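Novice: Spelled out from the first residue to the last, the chains are:
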Amino acid sequence: MKIVVCLKQVPARDSLLRLNSAGTWIQETDISFEVNEPDIYALEEALRLKESQGGEVVVCSLGPARAQQAIKEALAKGADRALHLDDPAFANLDSFGIARAMAKALDAEKPDLIVTGLQSDDFGAAQTGVILAELMGLPHSTIIMAIEVQGSAIKVKRELEAGFFQFIEMSLPALLTIQSGINKPRYATLKGIMAAKNKPLKKLGMADLGLSAADLAPRQKFTRVYVPEKRSKTEFFEGGGKDVAAKLVDKLKNEARVL
Amino acid sequence: MFPFHGVDFLEFDSLLSDEERLVRQTVREFVDKEVLPGIEEWNREAKFPKHLVPMMAELGFFGANLTGYGCAEMSNVEYGLIMQELERGDSGLRSFVSVQGALVMYPIHAYGSDEQKEKWLPAMQQGTAIGCFGLTEPDFGSNPGGMRTRARKDGDDFILNGEKAWITSGTIADVAVVWARTEEGIRGFLVEKGTPGFTSKDIKGKWSLRASVTSTLALQDVRVPASAMLPCAKGLKAPLSCLTQARYGIGWGAVGAAMACYNEALEYAKTRKQFDDKPIAAHQLIQAKLADMITEITKGQLLALQVGRLKDKGRAEPVHVSMLKRNNVKIALDIARAARDILGANGVADEYPIFRHMCNLESVFTYEGTHNIHTLAIGETVTGIPAYR
Chain A
1 MKIVVCLKQV
11 PARDSLLRLN
21 SAGTWIQETD
31 ISFEVNEPDI
41 YALEEALRLK
51 ESQGGEVVVC
61 SLGPARAQQA
71 IKEALAKGAD
81 RALHLDDPAF
91 ANLDSFGIAR
101 AMAKALDAEK
111 PDLIVTGLQS
121 DDFGAAQTGV
131 ILAELMGLPH
141 STIIMAIEVQ
151 GSAIKVKREL
161 EAGFFQFIEM
171 SLPALLTIQS
181 GINKPRYATL
191 KGIMAAKNKP
201 LKKLGMADLG
211 LSAADLAPRQ
221 KFTRVYVPEK
231 RSKTEFFEGG
241 GKDVAAKLVD
251 KLKNEARVL
Chain B
1 MFPFHGVDFL
11 EFDSLLSDEE
21 RLVRQTVREF
31 VDKEVLPGIE
41 EWNREAKFPK
51 HLVPMMAELG
61 FFGANLTGYG
71 CAEMSNVEYG
81 LIMQELERGD
91 SGLRSFVSVQ
101 GALVMYPIHA
111 YGSDEQKEKW
121 LPAMQQGTAI
131 GCFGLTEPDF
141 GSNPGGMRTR
151 ARKDGDDFIL
161 NGEKAWITSG
171 TIADVAVVWA
181 RTEEGIRGFL
191 VEKGTPGFTS
201 KDIKGKWSLR
211 ASVTSTLALQ
221 DVRVPASAML
231 PCAKGLKAPL
241 SCLTQARYGI
251 GWGAVGAAMA
261 CYNEALEYAK
271 TRKQFDDKPI
281 AAHQLIQAKL
291 ADMITEITKG
301 QLLALQVGRL
311 KDKGRAEPVH
321 VSMLKRNNVK
331 IALDIARAAR
341 DILGANGVAD
351 EYPIFRHMCN
361 LESVFTYEGT
371 HNIHTLAIGE
381 TVTGIPAYR
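Line by line, the protein sequences give chains A and B. Residue numbering for the first sequence follows my numbering, beginning at 1 and increasing consecutively. Residue numbering for the second sequence follows my numbering, beginning at 1 and increasing consecutively.
By construction, these hints were calculated from the structure, which means they are not laboratory data. Since the structure is predicted, the reported quantities are computational estimates derived from the model, not experimental observations. For every residue, glycine included, the Cβ atom is placed at its ideal position computed from N, Cα and C. Any given hint could turn out to be false.
The calculated EDC-like cross-link candidates involving lysine to aspartate or glutamate, where the alpha carbons are at most 16 Å apart (straight line), are [what the hints assert, rightly or not]:
{"#": "1", "chain 1": "A", "residue 1": "199", "chain 2": "B", "residue 2": "18"}
{"#": "2", "chain 1": "A", "residue 1": "197", "chain 2": "B", "residue 2": "18"}
{"#": "3", "chain 1": "A", "residue 1": "197", "chain 2": "B", "residue 2": "20"}
{"#": "4", "chain 1": "A", "residue 1": "191", "chain 2": "B", "residue 2": "73"}
{"#": "5", "chain 1": "A", "residue 1": "157", "chain 2": "A", "residue 2": "169"}
Examples of chain A residues toward chain B, derived with CB under 10 Å [as the list claims (entries may be wrong)]:
{"#": "6", "residue": "12"}
{"#": "7", "residue": "32"}
{"#": "8", "residue": "66"}
{"#": "9", "residue": "187"}
{"#": "10", "residue": "188"}
{"#": "11", "residue": "189"}
{"#": "12", "residue": "190"}
{"#": "13", "residue": "191"}
{"#": "14", "residue": "193"}
{"#": "15", "residue": "197"}
Which bits of chain B does chain A cover? Going by a derived footprint, with three or more residues having C-beta under 8 Å, they are [to be verified]:
{"#": "16", "stretch": "6-20"}
{"#": "17", "stretch": "24-32"}
{"#": "18", "stretch": "57-66"}
{"#": "19", "stretch": "69-82"}
Please construct the entire structure, taking both the sequences and the accompanying hints into account.
Specialist: Given below as structure tokens:
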């Protein structure tokens, strides 16, 4: 079974975030990065499937040079090789652009299964996985809690709301987005970290993928990112007791929303 | 205890490779998930967390900077980062790993016969065998050359007599590296658990390193074959070379303990309010302490890294390691005490890790070459005049 894990490097949890000077995203120079948490669970699922079914785990990540740290972590944990989509033109892509670049890279791989986290901890759009499936013409299923291989097909457990689950049988190849917390991710062993140094890591730029800037043009962009503004306001009501009480209740109900 | 996200004031991480950061991450996660949830209880009950040995072995912590025999073949900087993170958890746990790797596996690796290496190194790397290092005696600490333990040749065997004290992992060890005086000077012997005449006893009532085992070893007419002697370890410089390995790790480890205390004090100071509804972190006296702490940690990190890089190039001298150990343990102890002060009464409770680190560091200050002895080692280097006596 050839399994591709798409993973993203995101700012480390609890980082002290500062906005960039343009006010369009965070300043990335003085924070540390880590593998997007849901992707860690996706990687662990892939490694377990490889251990039970045999085959190969290929990790694919789009990001600047620093993303190699995330890729190496996946290789250290047991992925066999990696594709690093890195090109100055890949900065500031939206979910569609990322999915489009990945689709080009993964079409050539012809994987049996693609797994990725259900969303990223930075943007939280939960779009890249499903768009990637559509672009590659693959069936997909989201928020997966368990994967069971049944010959050339899989049965997956999908989380719905209010404690309900859905069980779906799917043919392969397919794409799944994985829910956090479904397994106990392994540590990268020290020997694994050493072994990762010799695993193939292929870099692919825009030209390698046969794409142009126009193909990747964002469909959405951030116009302003800001820290929630604190405002305090005092209002005096005038009039008789009854009127004032009615106004107060209205304000508390509809503006302050505390009633 | 507050969550820990690393301490990096001066873009220290930019001096590390991806692999070095990954190694640190593995150990950091291990400590967060496996050590910190239980450490206060183990410390309180003076219990060594032996159940962690198999996992630490699997992750590759034992003899991590040695080559072959299943060892992880880490660089010295990577090894140092492992020690840093382990000691952020607990100095006792780091001591166990130091002894296993630097004081037992290292001498077997450096001075042992092929048979000794084959027998012990893979088992020790896998954590199925535990080792201890017997150099210090009840009456000889800073002056190991005065040791009274003797190994007398008797036919093809040696007969060992003597006593060793302050031996980490003594009673849980499967093998002890025992240093003894022979007719041809100081030699090392591998004495296996259960050898007739060889006994060990735990030292009770420690206020420090409570989560690790500290023992005395007694050797009474212990007969070992000549093949138990480390063939290439001749003279006092052999055990001293082991200590250089171990104290290199301590120099990093102390930074970890300091980081744990600093992180705790900083987070506490930002949330604890006392006057005028302001956090105590808003007061100048607290800020002065925090500024001193982060400055010393940053200097300690850079010192450790430079000694590590030199060690990787084969250019670290024992006195460089003396400076590393001396400085970093001292600043860690000072930071632990200042952190305790910032936490006020809470600083003495084991709801917070600070007092444990502080007590642990009192031992670390003394063992593996006391602060004073390293002062004299540096003094001798810069003046050319030994001043030990």
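Novice: Take the hints in turn and mark each one as holding or not.
Specialist: Hint by hint, here is what the structure shows:
Of the supplied pair hints, the one linking residue 199 of chain A and residue 18 of chain B holds, its CA atoms being roughly 14 Å apart against a limit of 16 Å. Distance check on the hinted pair: residue 197 of chain A and residue 18 of chain B sit about 10 Å apart at the alpha-carbon level, within 16 Å; holds. With a C-alpha separation of about 12 Å, the suggested pair residue 197 of chain A and residue 20 of chain B falls inside the 16 Å cut-off, and the hint holds. Distance hint between residue 191 of chain A and residue 73 of chain B is fulfilled; the C-alpha atoms sit about 8 Å from each other, no more than 16 Å.
Among the hinted pairs, residue 157 of chain A with residue 169 of chain A is consistent with the structure: their alpha-carbon atoms are about 9 Å apart, no more than 16 Å. The criterion of a C-beta within 10 Å of any C-beta in chain B is met by residue 12 of chain A, whose closest approach is roughly 7 Å, and the hint holds. Hint status for residue 32 of chain A relative to chain B: holds, with the closest Cβ pair at about 7 Å, below 10 Å. Interface hint at residue 66 of chain A: satisfied, since its Cβ lies 9 Å from the closest Cβ of chain B, which is below the 10 Å cut-off.
For residue 187 of chain A, the interface hint holds, since its Cβ comes within 10 Å of a Cβ in chain B; the closest pair sits about 5 Å apart. With a least beta-carbon distance of about 5 Å to chain B, the hint placing residue 188 of chain A at the interface is held under the 10 Å criterion. Annotation: interface hint on residue 189 of chain A holds; nearest CB of chain B at approximately 5 Å, less than 10 Å. Given hint, residue 190 of chain A at the interface with chain B, holds; its Cβ is 3 Å from that chain's nearest Cβ, closer than 10 Å.
At its closest, the beta carbon of residue 191 of chain A sits 5 Å from a beta carbon of chain B; the interface hint therefore holds under the 10 Å criterion. With 10 Å as the threshold, the beta carbon of residue 193 of chain A comes within range of chain B, its nearest partner Cβ sitting at about 5 Å, so the hint holds. A distance limit of 10 Å between C-beta atoms decides the matter here; for residue 197 of chain A the minimum to chain B is near 7 Å, and the interface restraint holds. For the stretch 6-20 of chain B, the assignment as covered by chain A holds, since 6 residues bring a beta-carbon within under 8 Å of that chain's beta-carbons and 3 suffice.
Remark: the stretch 24-32 of chain B is confirmed as covered by chain A, as 4 of its residues place a Cβ nearer than 8 Å to a Cβ of that chain, reaching the required three. Coverage of the stretch 57-66 of chain B by chain A holds. Counting CB-CB distances below 8 Å, 5 residues qualify, and the rule asks for three or more. With 5 residues having a Cβ less than 8 Å from any Cβ of chain A, the stretch 69-82 of chain B passes the three-residue criterion, so the hint holds.
Consistency with the previously given hints is maintained throughout, with no hint failing.
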